[in-house]
Structures are given as structure tokens and as C-alpha cells.
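Kindly generate the complete structure, drawing on both the sequences and the hints.
The letter at position 38 of the sequence shown is residue 38 when you use the UniProt record's numbering, and the numbering goes up by one with no holes.
Because the hints were derived from the structure by calculation, they are not lab data.
For glycine and all other residues, C-beta sits at the position ideal for the given N, C-alpha and C.
A few of these clues could be false.
Listed below are the simulated SDA-like cross-link pairs for lysine to any residue, each with C-alpha atoms no more than 20 Å apart in a straight line [claimed, not checked]:
#1 31 x 84
#2 37 x 47
#3 84 x 60
#4 52 x 30
#5 52 x 86
#6 31 x 47
#7 52 x 83
Simulated DEER-style distance windows between Cβ atoms [said to hold, decoys possible]:
#8 86 x 48: 18 to 28 Å
#9 81 x 50: 18 to 28 Å
#10 30 x 70: 30 to 40 Å
#11 30 x 72: 26 to 36 Å
#12 83 x 51: 13 to 23 Å
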Amino acid sequence: MKSKLQLIPVLLVASAVALPAMADPVEPTVKELTVPKAMRLLQSQGYHDFRKIKVERDEHEIEIEARNADGQEVEVEMDLFSGKVLAVERD
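Here it is in C-alpha cells:
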């Protein structure tokens, strides 16, 4: 009986550790931009001729190679969630 009583704290700790792992995953409250939506946002700002689109989830960015309104080749970095243009570099 004594050995069964000694198992109770071990079982309690094990269940406390395992329960959070079985919880429902938390859904992000802010959705990522889709690539088509990012392109539409940039088109509304005069960008066109999209060449390369790269989603960098670990950096929360979308990198896009395109042409600006003046026809210059540029690389645009956008925030993955807000769509805000973070940087524009001429190629």
C-alpha cells in the first residue's frame, strides 16, 4: 500500500505535464496576408511586373521582386500581417 501512495505524486506531476500538450492549439488573432492580397496591395501603390515572391514566415515578411511606377526593378519587403511596406531596394 505504501508503494501505491508513493506513486500518487508521480502520477499527479505526469498528468500536469501532459495536459497542456493535449490542449487545443491557439489560433493567431491576426491572419497572414495571402500572396494575391499582397500583390493587389502593391499594385495599388504602382508596383507591377512581379518576378519573385518569397514568404519569410520566421521574419514576418514577404519579399517581392517587381518594378515600381517608374519601371525600375526593385525588391519590396512587406510586413506579413499588416501589408505595410518595410523597405524598398533598387536592384
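Straight-line alpha-carbon gap residue 84 to residue 60, limit 20 Å: Judged against 20 Å, a Cα distance of about 11 Å means the pair holds.
Given pair status - residue 84, residue 31, alpha carbons within 20 Å: Within the cut-off at roughly 14 Å; holds.
Given hint residue 30 paired with residue 52 - CA-CA distance at most 20 Å: Between residue 52 and residue 30 the Cα gap is close to 25 Å, so the pair fails against 20 Å, i.e. violated.
Residue 72 and residue 30 - C-beta distance against the hinted 26 to 36 Å: Cβ of residue 30 to Cβ of residue 72: about 32 Å, so the range 26 to 36 Å holds.
Given pair status - residue 47, residue 31, alpha carbons within 20 Å: The hint is violated at about 23 Å.
Holds or violated: residue 37 to residue 47, with C-alpha atoms at most 20 Å apart: holds, 13 Å
Pair hint outcome, residue 52 versus residue 86 [Cα-Cα no greater than 20 Å]: holds, 17 Å
Satisfaction of the hinted span 30 to 40 Å by the C-beta atoms belonging to residue 30 and residue 70: holds, 33 Å
Cβ distance range 18 to 28 Å for residue 81 and residue 50, holds or violated: holds, 20 Å
Cβ separation of residue 86 and residue 48, checked against the hinted range 18 to 28 Å: holds, 20 Å
20 Å limit on alpha-carbon distance, applied to hinted pair residue 52 and residue 83: Cα-Cα ~17 Å, so holds.
Consistency of beta-carbon spacing, residue 51 to residue 83, with hint 13 to 23 Å: holds, 19 Å
Checked against the numbered hints listed earlier, the structure breaks hints 4, 6; every other hint is satisfied.
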